[in-house]
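Visitor: Sequence:
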Amino acid sequence: MAVKILSVDDELDLEVLIRQYFRRKIRKGEYIFEFAHNGVEALKVLLQHPDIDIILSDINMPEMDGLTLLTKINEMQNPAKKCIMVSAYGDMQNIRSAMNGGAFDFTTKPIDMEDLERTIEKAASQIQYIKDAQKEHAELNSLQQDLDIARDIQCSILPKVFPAFPEIASIDLYASMNAAKSVGGDFYDFFKLGTNKVGFIVADVCDKGIPSALFMTISRTVMRTITPKAISPADCLFESNNMITSESKDRMFVTLFYGVLDCKTGELVYCNGGHNSPIWVKADGTTEMLPRTGNMALGIMEDIPYNNKVIQLSPDDHIFCYTDGVTEAENAQKDLYGEPKLMDLLKGSGELSSRQVIENVTNSLKEFVGDANQSDDITMLDIKFNGGD
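Each residue of the sequence shown is one higher than the one before, starting from 1 at the first, in my numbering.
Be careful, since some hints might not be right.
Stated by the list, open to error - Simulated restraints on C-beta separations:
id	residue 1	residue 2	range
1	24	91	28 to 34 Å
2	207	160	23 to 29 Å
3	193	134	50 to 56 Å
4	134	340	46 to 52 Å
5	195	277	28 to 34 Å
Stated by the list, open to error - Here are the simulated PhoX-like cross-link-like pairs (lysine-lysine), alpha carbons at most 25 Å apart as the crow flies:
id	residue 1	residue 2
6	4	25
7	135	4
8	109	72
If you are wondering where the hints come from, they were derived from the structure by calculation, not from laboratory data.
Glycine included, C-beta positions come from ideal geometry on N, C-alpha and C.
Let the hints inform the model, and build the full structure from the sequences given.
Guide: Quick look at the structure:
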């Protein structure tokens, strides 16, 4: 890319000298020169050609001198513009003023053209470095804006009104997601199925970033479309997997737990597609992992069979669902929070509300992690069976 240079000098012979000395670089398109004869003309040229990189300016000129011009250029606040000042030999006071005023370098008259060429090359090298840094900074800002948008998409589609089902006294449900700085693909969802049942989902899309957030949106939409007409959770995951797999162009997949709770009887039917096993928090104070259903994550292969499991909840039993951002949270020593610590914390939580359960886990995670950075989304959903009507 050509270096664009503005020469500002009231001596017309300098323009001829510059054109002659740099003729090869001008012919090759390496340098493009513009010329002005005082500071006022120079400012007009800069307005017409804002992409000028280097200003080669005499200090002593009529109408507007070089030091005043330097001040005006500094007011443009463009670090990619460099000023090389030209002064009479021995005029150290003006040279010192120019350097203190932000000039890149200086040369003295009579001008040594070889020295001037080296100075221009040095300035051009620094300008290119600044431009590259500005471009990289702009790209990073653009990427961060995209990540912020993706995180907003991720958070905006999650239900946030609690209590979730105030008209159903037999259950309590609460959920939360604390998004990491790098966008992941966690999501949760819950909804009524008929008059006596509710469905709930916790899922985690592989990978991070915008593709993950978009794939999460697709996965949630597919599940929302299929759940009302599915015979069972396994049937729902089978149909959803086929649709999600057909949309998975980059080998992305989603682990997903889907449960359907009968709010009258406490019967829970569920299917687990490769997700962390939820924790069954029992009213008697004990905890255990829900038995796995032995199924694969969604989005890997079509026509995979999925299986249901059925358990019976007692009053004050909880089902605590979570993503691996909980158990894989790290402290400064790189220790993992882990499933054993989580299960111990949940023991004896039967009488607590779902919100209290999640708040306890959240506080425990904060205490464990300390000042360490959060590397993954932390998503939790707790559903409590209060007892049938």
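Visitor: Now, for every hint given, state plainly whether the structure supports it.
Guide: Verification of the hints:
1. 24 <-> 91: 28 to 34 Å: 32 Å, holds
2. 207 <-> 160: 23 to 29 Å: 25 Å, holds
3. 193 <-> 134: 50 to 56 Å: 54 Å, holds
4. 134 <-> 340: 46 to 52 Å: 50 Å, holds
5. 195 <-> 277: 28 to 34 Å: Check passed, 29 Å falls within 28 to 34 Å.
6. 4 <-> 25: The given pair, whose Cα atoms are some 11 Å apart, holds under the 25 Å limit.
7. 135 <-> 4: Cα-Cα ~18 Å, so holds.
8. 109 <-> 72: 23 Å, holds
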